[in-house]
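Engineer: The chain contents come next:
There are 2 protein chains.
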Amino acid sequence: MQVLITGGAGFLGLQLARQLLKRGTLDIDGKPVAIAGLTLLDVVAPPALNDARVRVVTGDLSDPAVLAQAVDEHTSAVFHLAAVVSGQAEADFDLGMRVNLDAARALLETCRALHVKHGSRPRVVFTSSVAVYGGTLPAVVQDDTALNPQSSYGAQKAIGELLLSDYSRRGFVDGRVLRLPTISVRPGKPNAAASSFASGIIREPLAGVAANCPVAPETPLWLLSPRGAIAALARGMEIDGAKLGERRTVNLPGLSVTPKEMVAALRRVAGDAVADRVSWEREARIENIVGTWPAAWNTERALALGFQGDEDFDAVIRAYIEDAGIAAR
Amino acid sequence: MQVLITGGAGFLGLQLARQLLKRGTLDIDGKPVAIAGLTLLDVVAPPALNDARVRVVTGDLSDPAVLAQAVDEHTSAVFHLAAVVSGQAEADFDLGMRVNLDAARALLETCRALHVKHGSRPRVVFTSSVAVYGGTLPAVVQDDTALNPQSSYGAQKAIGELLLSDYSRRGFVDGRVLRLPTISVRPGKPNAAASSFASGIIREPLAGVAANCPVAPETPLWLLSPRGAIAALARGMEIDGAKLGERRTVNLPGLSVTPKEMVAALRRVAGDAVADRVSWEREARIENIVGTWPAAWNTERALALGFQGDEDFDAVIRAYIEDAGIAAR
Numbered sequence: 001m002q003v004l005i006t007g008g009a010g011f012l013g014l015q016l017a018r019q020l021l022k023r024g025t026l027d028i029d030g031k032p033v034a035i036a037g038l039t040l041l042d043v044v045a046p047p048a049l050n051d052a053r054v055r056v057v058t059g060d061l062s063d064p065a066v067l068a069q070a071v072d073e074h075t076s077a078v079f080h081l082a083a084v085v086s087g088q089a090e091a092d093f094d095l096g097m098r099v100n101l102d103a104a105r106a107l108l109e110t111c112r113a114l115h116v117k118h119g120s121r122p123r124v125v126f127t128s129s130v131a132v133y134g135g136t137l138p139a140v141v142q143d144d145t146a147l148n149p150q151s152s153y154g155a156q157k158a159i160g161e162l163l164l165s166d167y168s169r170r171g172f173v174d175g176r177v178l179r180l181p182t183i184s185v186r187p188g189k190p191n192a193a194a195s196s197f198a199s200g201i202i203r204e205p206l207a208g209v210a211a212n213c214p215v216a217p218e219t220p221l222w223l224l225s226p227r228g229a230i231a232a233l234a235r236g237m238e239i240d241g242a243k244l245g246e247r248r249t250v251n252l253p254g255l256s257v258t259p260k261e262m263v264a265a266l267r268r269v270a271g272d273a274v275a276d277r278v279s280w281e282r283e284a285r286i287e288n289i290v291g292t293w294p295a296a297w298n299t300e301r302a303l304a305l306g307f308q309g310d311e312d313f314d315a316v317i318r319a320y321i322e323d324a325g326i327a328a329r
Numbered sequence: 001m002q003v004l005i006t007g008g009a010g011f012l013g014l015q016l017a018r019q020l021l022k023r024g025t026l027d028i029d030g031k032p033v034a035i036a037g038l039t040l041l042d043v044v045a046p047p048a049l050n051d052a053r054v055r056v057v058t059g060d061l062s063d064p065a066v067l068a069q070a071v072d073e074h075t076s077a078v079f080h081l082a083a084v085v086s087g088q089a090e091a092d093f094d095l096g097m098r099v100n101l102d103a104a105r106a107l108l109e110t111c112r113a114l115h116v117k118h119g120s121r122p123r124v125v126f127t128s129s130v131a132v133y134g135g136t137l138p139a140v141v142q143d144d145t146a147l148n149p150q151s152s153y154g155a156q157k158a159i160g161e162l163l164l165s166d167y168s169r170r171g172f173v174d175g176r177v178l179r180l181p182t183i184s185v186r187p188g189k190p191n192a193a194a195s196s197f198a199s200g201i202i203r204e205p206l207a208g209v210a211a212n213c214p215v216a217p218e219t220p221l222w223l224l225s226p227r228g229a230i231a232a233l234a235r236g237m238e239i240d241g242a243k244l245g246e247r248r249t250v251n252l253p254g255l256s257v258t259p260k261e262m263v264a265a266l267r268r269v270a271g272d273a274v275a276d277r278v279s280w281e282r283e284a285r286i287e288n289i290v291g292t293w294p295a296a297w298n299t300e301r302a303l304a305l306g307f308q309g310d311e312d313f314d315a316v317i318r319a320y321i322e323d324a325g326i327a328a329r
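Those protein sequences? They're chains W and Z, same order as listed. When the letters of the first sequence are read in order and numbered with the UniProt record's numbering, they come out as residues 1 to 329. When the letters of the second sequence are read in order and numbered with the UniProt record's numbering, they come out as residues 1 to 329.
Calculated directly from the structure, the hints in this document are not laboratory data. On a predicted model such as this, the values are computed, not experimentally measured, just so you know. No incorrect hints appear here.
Since the list gives no way to pick one copy over another, a pair counts as held whenever it fits inside one copy or between any two copies.
Derived SDA-like pairs: lysine to any residue, alpha-carbon spacing no greater than 25 angstroms straight-line: (1) K243 to A146; (2) K243 to T292; (3) K31 to Q2; (4) K189 to F93; (5) K31 to L21.
Please build the complete structure, drawing on both the sequences and the hints.
Structural biologist: Here's what the structure looks like:
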């Protein structure tokens with residue numbers, strides 16, 4: 001099978017690519033199918049993966065000419081991960097609309113044109129976000145809780161969900177929308193996501209660097225580890241689309257934890273000196289976005305579909321330390 | 001004040017224009033404000049209204065040059081009624097996307113550019129539809145029941161809602177989304193809306209013509225009369241945006257009735273000979289769309305905001321007979 005990952009040079013895209021190459025197959029209709037080719041599409045080139053199955057396409061995803069290089073009628077699995085993150089989409093409205101909405105639509109239109117011409121109907125995994133929710137929410141968010149995004153990022157993701165659902169209903173693609181919890185602990189540098197601190201308050205102290213938590217210590221967050229996210233993306237592709245029923249969206253299982261609990265876990269795993277590197281100065285710009293996201297979720301449907309969350313946040317920190325090659329305490 | 005109506009040559013647009021010209025004012029912040037100018041924008045020219053306040057712009061709403069003629073920084077009220085109806089949007093996907101999504105976005109972008117340049121922030125009333133709901137629904141639809149459109153029209157309207165909400169949140173416009181029940185009894189000819197029969201089974205028999213009901217007699221419909229719709233549109237513009245709170249969408253009050261009940265009302269109002277002109281041959285294409293729409297609604301919020309529904313369907317038929325100038329039985 002031919003697989004495409006958009007946002008293939010990003011953190012999740014690269015991790016997913018490495019995992020897929022290592023696995024070598026995806027289970028489709030109950031049978032392992034070999035991944036014959038893996039295309040990574042992004043505005044910047046990813047680091048070399050040194051694998052003959054990998055092909056790199058560099059360019060703007062909203063450009064049909066770029067898409068024509070990345071997708072053809074043989075593409076049977078698309079992971080659409082490319083996105084402008086929440087803080088950036090709030091700061092630059094046009095950029096967010098172009099990448100989060102127009103590029104997603106251009107990708108779906110390309111698939112639709114191929115469907116009309118060749119009858120192809122790729123599985124498309126689209127990553128959405130907790131940011132599609134907001135405002136007054138029930139104590140526990142259900143799969144059918146109404147969307148009410150309070151950020152442009154959330155609105156753009158919600159629109160992408162609607163597009164993918166309608167393109168799926170019409171048979172142009174076989175789509176599945178995974179609403180990802182905030183990924184923590186991300187390696188690397190802070191980014192412009194409003195939730196960047198949810199990795200920073202663990203990653204930076206472990207690297208000997210001070211980090212600030214810009215939200216109240218009791219703010220509930222909904223988290224998934226990078227390992228958990230990669231496993232969920234693969235699972236999302238493998239699910240039989242018919243099992244999704246009338247809703248193409250799945251709220252993935254996460255951990256509901258507060259920054260206070262996260263730093264307590266950091267203290268248990270890495271000690272006082274590390275945990276004490278976290279400061280607690282609140283920033284309204286971040287709180288205004290993150291504070292609208294829900295905290296507790298009913299994930300029965302996701303669990304029934306075979307998705308799994310993380311065990312606890314201590315385990316998440318330990319996995320990060322292992323993956324990042326940090327010397328144990 | 002300067003008022004724009006998109007879809008100004010359509011049935012609702014024209015009726016609204018006549019009503020606004022007759023009233024002469026809209027209540028804004030508790031005070032009547034004179035309507036100094038009324039622009040009607042549509043792809044076809046409306047009939048002459050013979051009023052010096054009226055200006056007509058003919059062209060494609062998704063064309064920024066056309067929009068530049070229709071909207072400027074003095075436009076303080078926009079009724080965005082232009083749309084491709086449900087059956088047509090299902091039959092011609094591209095047309096639906098262009099009019100129901102791209103044109104709505106182009107209109108909002110024009111308002112945003114004027115806001116950035118001049119600080120203007122028009123009130124925008126956007127008409128949405130029961131078609132944003134679908135799939136398994138609660139017995140009574142609430143304002144916060146999750147959207148799950150099962151038609152391209154419904155998906156496009158849901159996307160328009162999200163856009164208007166985000167543009168409002170960012171302060172580019174002061175938007176309000178009215179989810180209109182199916183309008184019945186519409187005058188004129190059948191149209192490509194899946195719900196066209198909801199007017200046809202009353203209008204055609206009253207004109208001495210046979211009409212078919214393509215859905216089961218017990219299918220629940222959610223209806224609003226043209227008079228009720230026009231009143232709701234004006235009320236939607238007059239509401240203080242702050243009163244809408246965190247959700248810009250309002251489910252308008254309607255009547256929950258079945259075709260069987262509608263024809264019984266027609267029998268009471270116009271007699272057996274008229275009611276017997278209705279036939280009952282089901283059509284899957286129509287049932288597949290209409291059958292996904294919800295039937296019972298909690299409209300407390302709309303009522304608290306000053307919206308009103310119709311008294312009963314007998315009164316709706318009598319009002320239609322009066323407005324259409326049909327001789328009484």
